[in-house]
Amino acid sequence: MAIDADTVRKIAFLSRLKVDDDKIEDTKDEFNKILTWVEELNEVDTDGVEPLVSVNQTNLTMRKDVVTEGNQPEAILANAPLQEYGYFAVPKVIE
Amino acid sequence: MTAMIIETEKNKWEVICGLEIHCQIVSNSKMFSGASTEYGTEPNHNVSFIDAGMPGMLPTLNEECVRQAIKTGLGLNAKINKYSEFSRKNYFYADLPQGYQITQFQYPLVGEGSLEVETEDGSRRTIGIERIHIEQDAGKSIHDLDPSMTFVDLNRAGVGLMEIVTKADFRSPEEAGEFLRKLRSIVRYLGTCDGNMDEGSMRCDVNVSVRKVGETSFRPRSEMKNVNSVRFVMQAIESEAKRHVEVYENGGTIEQETRQFDPASGTSKLMRKKEFAHDYRYFPEPDLLPLVLTDEYIDNIKKEMVELPDAKKARFINELGITAYDAMVLCENREVAEFFEKAAAGHDAKKVANWMMGDFFALLNKDGLSIHESPISAENLGKLVDLITKGVINGKTAKDVFEMMAETGESPEKIVEEKGLKQVTDTAAIEAIIDKIIADNPANVEAYRNGKTGLMGWFVGQVMKASGGKANPAVVNGLLQSRLS
Amino acid sequence: MTDLTKLTIAQALDGLKKKEFSAVELTKDYISQMEKNKYTNAYVLETPEVALNQAEISDKKYADNTPGALEGIPMGIKDLFCTKGIRTTACSHILDGFVPQYESTITQKLLDAGISVLGKLNMDEFAMGGSNETSYYDPVVNPWKAKNSNIDLVPGGSSGGSAAAVAAQMCAGATATDTGGSIRQPSAFCGVTGIKPTYGRCSRYGIVAFASSLDQAGPIGKDVRDCAILLKTMSGHDDKDSTSARVEVPDFEKFLGQNIKGMRIGIPKEYRVEGLNKEVEKYWDEAIAMLKARGAEIVDISLPHTKYALPTYYIIAPAEASANLARYDGIRYGLRVNGEHLDNLYINTRSEGFGKEVKRRIMIGTYVLSAGYYDAYYLKAQRVRRRIVEDFQAAFEKCDLILTPTAPTPAFPIGDKSMQENPITMWLNDVFTVSISLAGLPALSLPIGLTSDGLPLGLQVIGKAFDEGDVFKVASALEEDAKFEGVM
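Chains as they are written, first to last, in our numbering: chain A, 1 to 95; chain B, 96 to 580; chain C, 581 to 1068.
For reference, chain A alone in the conformation it holds in the complex:
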């Protein structure tokens, strides 16, 4: 499945990454090389094979409903690039 320039743009946006216009072609070519390579997998007969979600042999264990964390706004905000009144601050979001 070869991808085109528009797909590169779409993937870049979904990833929130910038691909400069003059790099679109190169990126596309590189992607197609990689995709051709991974498509080797099509040689493998996987009919009836369940996708493997986890190599763990066990199932999920659950936690008790107890409050054990929180009340540490300083620690939560300690690394914030910008904070105001105890909130994280970002440029205005237009709904």
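Please note that a few of the clues may not be correct.
30 Å max Cα-Cα, derived DSBU-like pairs, lysine-lysine [unchecked claim]:
no. : chain 1 : residue 1 : chain 2 : residue 2
1   : A       : K10       : B       : K107
2   : B       : K364      : A       : K92
3   : B       : K277      : B       : K262
Beta-carbon label-pair distances, calculated as ranges [said to hold, decoys possible]:
no. : chain 1 : residue 1 : chain 2 : residue 2 : range
4   : C       : D676      : B       : D289      : 48 to 54 Å
5   : B       : K177      : C       : G995      : 54 to 60 Å
6   : C       : A951      : B       : E468      : 48 to 54 Å
7   : C       : A951      : B       : T97       : 36 to 42 Å
8   : A       : T36       : C       : A951      : 18 to 24 Å
9   : B       : K177      : C       : I1004     : 48 to 54 Å
10  : C       : D644      : B       : D289      : 53 to 59 Å
11  : B       : Q201      : C       : N730      : 35 to 41 Å
12  : C       : K978      : A       : T36       : 32 to 38 Å
Just so you have them, the derived chain C footprint on chain A, three or more residues with Cβ under 8 Å [stated by the list, open to error]:
no. : stretch
13  : 61–75
14  : 78–88
Just so you know, these hints were derived from the structure itself, not from any lab.
All C-beta atoms in this analysis are idealised placements derived from N, C-alpha and C, irrespective of residue type, glycine included.
Dock chains B and C against chain A, hints included.
Below, chains B and C without anything else, positioned relative to chain A:
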């Protein structure tokens, strides 16, 4: 239940609707972290490093959220899936710290179920439940504190949600409204969600489409996000259906799209369409293993289930003999139903129901009280009814006693005793009063005996007045009849 | 006194217990070694004051006779482990200045056992790379050089700083992580020993995530025994990591030197790839002979889906990474490059904050999960992953352990053109290691000998899930026979 049909000159259009309801799960801690779910604290207080999406942080599942969703599923007659999985739903937003929401996609915790709704005209329809999955809530973006910035508070981030998805079974706004009321009542009965739509703990996405009567396939639908009251949901369905019809009749087409319902105008508008906006790239959450439950685990939750509104209603009608309408009203809220049942125990249930539906609810409404805050206890309300039934006080006195109970919280017996309000049924005492009145009013006695029987009311009134309202009216009536004839 | 940095952890613990030297002295020797070998760029943050403070406490504990299992041992910590109050960046620009307010479970366990922390070790950005060249803080220089050459070689990756620091005696041992080979391949390139334990053996809590279903922490040490000692402390169930296993942690050290007679060692034919480096093959054969001489039974096995492991890995790992790295958005921590709107802020921050390889993998991951491609790529890869797991299950019916080379070549020069131009060429470095990661099995790489150019080569001992004990048993036998000598 009558379907909503929009009739135009050319066609008859049927309204099709499905709902997706996000219910905040009642739990102490968040779904994947040990931070508190408590509301109203300072920003970013009830936040763990996990909720803030800090590097290297991992989710651990809160069992209570699973139990609550299973309870809700059982309350909606739904299949509980012993195998379920968590998935990541990927999108960027300021209040979504991980850049993905942990949710369930392919394998939800709860499968198909159903709920019967009944509208005011008494007709019933069964609405199919598609699934219930559990997921984490996002934080809150606050746009109105600063002209150039949005502020992010993560207190809500990670709180457990159940998303209840119905089938596209609604055919009128009324059905959807009834469903939501009933669902709210059920989750409140179960204590799995507080059901407060205006506070956002229950949020509704509404999917609407229309089709010509007789068509069997569905036309494209529009989805209205976060409609936050039952009334608005009903308005949204109606206005959106009408809009679809108008578009079709004018030769246009409807595309599947997301819209925003504006309660002020009662109409919806297209949400800003973003290029490539929707590609959530769901995949199994590798930080959590599949959730596998045993029959025993689910059975134990079944044992904890409380009686739900429908069952309670049926029992009230069949065993306590109250009317269907009274039962419906009394059962909408679990606390009210339990109050009623307590009040009615050993007393005349029908009369208790009348008192609750009348003076009692009026009292609560007047003072804006919840049933927990009622100054009159269930036991005392039952006793009051008992005093009337046993003829200790009459209906009029009972109203006064009720007022005093509301003011003082005292038991009716005590009030009746202290204020000497006991009804006089002692015929000798009443006869003495009657004798005096006959003696004092010879003209009226004469007139009555000459055929002016309408004066009976006047005599009764005089006797009651003289007894300070305590005389038993039935006894007074009987005695007067015999003495005057 | 002799240079204390020459001592293994086992020897150092012995000396500390006997009070032959103090923890402070030991730490100071490592600090001066760090100074001396700065050219390696193995550390991205040095914390000598922290280490010396901790060493002083350790000396008190020895004085009180209450030392922990690793009391006074100076270690380096891969920069992927969050360390409370100590900058942690995953060697990415996007985590500029990030100081965690929490400690990873593994470093907490090590601290509780008494280590002192010398600093944070260089690595490929977000552990994505096989040469340590994707680090925002410049490449690490391998302490080994080819005979008669001054060309700087890569240490391997992604735990390049960890392997180089251990090889250059800049720490007694190091934490590392392995997603597709990131402990084993750099261990092989730097002539040191490293083990990737079974998936679920060590907690991932507090380790910056790359690919959650594959990431696994482990130690890199000077020898097999040091790895056994370190792994014991690092292992164990953690309530904070839902994927961590509830499995008993044996005393790995007791397996060392045990008789391997009768053990069945599997040799997978698919690893004898055409064009395999002759010297790699020679040492592999020699090791087979050594084990045979000790009475082990050599069994030919087949892992038929081996050639599909790399493409499978390069779908699954980027897919998981694309989601794991979505949190680096410039809002709550790390780099922020402003933009007019929120989306611009995201795009500006992430485009400047992530390096080329990381961006490449995020975009591949995004693509293979996107609507219309999920089944063809991601689901397909998960199905092939099951085939790979089944290969190992079938193989372990016939054998107890598997022996293979760790990497197809010795260390290569920094800036190698073919690797820079074609990412797939670089990814091929992991050809012998990824399938084990996909299957979640334990594997240890130990140095087996030098090429004619004088560069170390490693072999990999692969065990059944949670059978690290047997891995250590056979690795210790090979180590004894190989008599490999370190770089310094």
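Handout entry: Assessment of proposed distance window 48 to 54 Å (beta carbons of A951/C, E468/B)
Key = Since the Cβ atoms of A951/C and E468/B sit about 52 Å apart, the hinted range of 48 to 54 Å holds.
Practice task
State, for the Cβ atoms of T36/A and A951/C, whether the hinted interval 18 to 24 Å holds or is violated.
Solution key: With a Cβ separation near 21 Å, T36/A and A951/C satisfy 18 to 24 Å, so the hint holds.
Problem - Hint consistency between K364/B and K92/A [alpha-carbon to alpha-carbon, up to 30 Å] - result: 21 Å, holds
Handout entry: Cβ distance range 48 to 54 Å for D676/C and D289/B, holds or violated
Key = Once the Cβ atoms are compared, 42 Å apart, the range 48 to 54 Å for D289/B and D676/C is violated.
Practice task
Hint says 36 to 42 Å; check whether the CB-CB distance for A951/C and T97/B agrees.
Solution key: This hint holds: roughly 40 Å between Cβ atoms.
Problem - Distance restraint evaluation - K177/B, G995/C, Cβ atoms, bounds 54 to 60 Å - result: 55 Å, holds
Exercise for the section: With a cut-off of 30 Å on the C-alpha distance, tell me whether K10/A and K107/B pass. Expected result: Violated - the C-alpha atoms of K107/B and K10/A are around 42 Å apart, more than 30 Å.
Problem - Holds or violated: K277/B to K262/B, with C-alpha atoms at most 30 Å apart - result: 16 Å, holds
Exercise for the section: Check the following: the C-beta atoms of K177/B and I1004/C are separated by a distance inside 48 to 54 Å. Expected result: At roughly 43 Å between Cβ atoms, I1004/C and K177/B fall outside 48 to 54 Å, so the hint is violated.
Handout entry: Verdict on chain C covering the stretch 61–75 of chain A, criterion of 3 CB contacts below 8 Å
Key = Per the Cβ count (4), the hint holds.
Handout entry: Coverage of the stretch 78–88 of chain A by chain C, judged on three or more residues with CB within 8 Å
Key = Since 6 is at least three, the answer is holds.
Handout entry: Pairwise beta carbon distance, Q201/B to N730/C, judged against the given window 35 to 41 Å
Key = 56 Å, violated
Of the hints listed earlier, those the structure fails to meet are numbers 1, 4, 9 and 11, in rising order.
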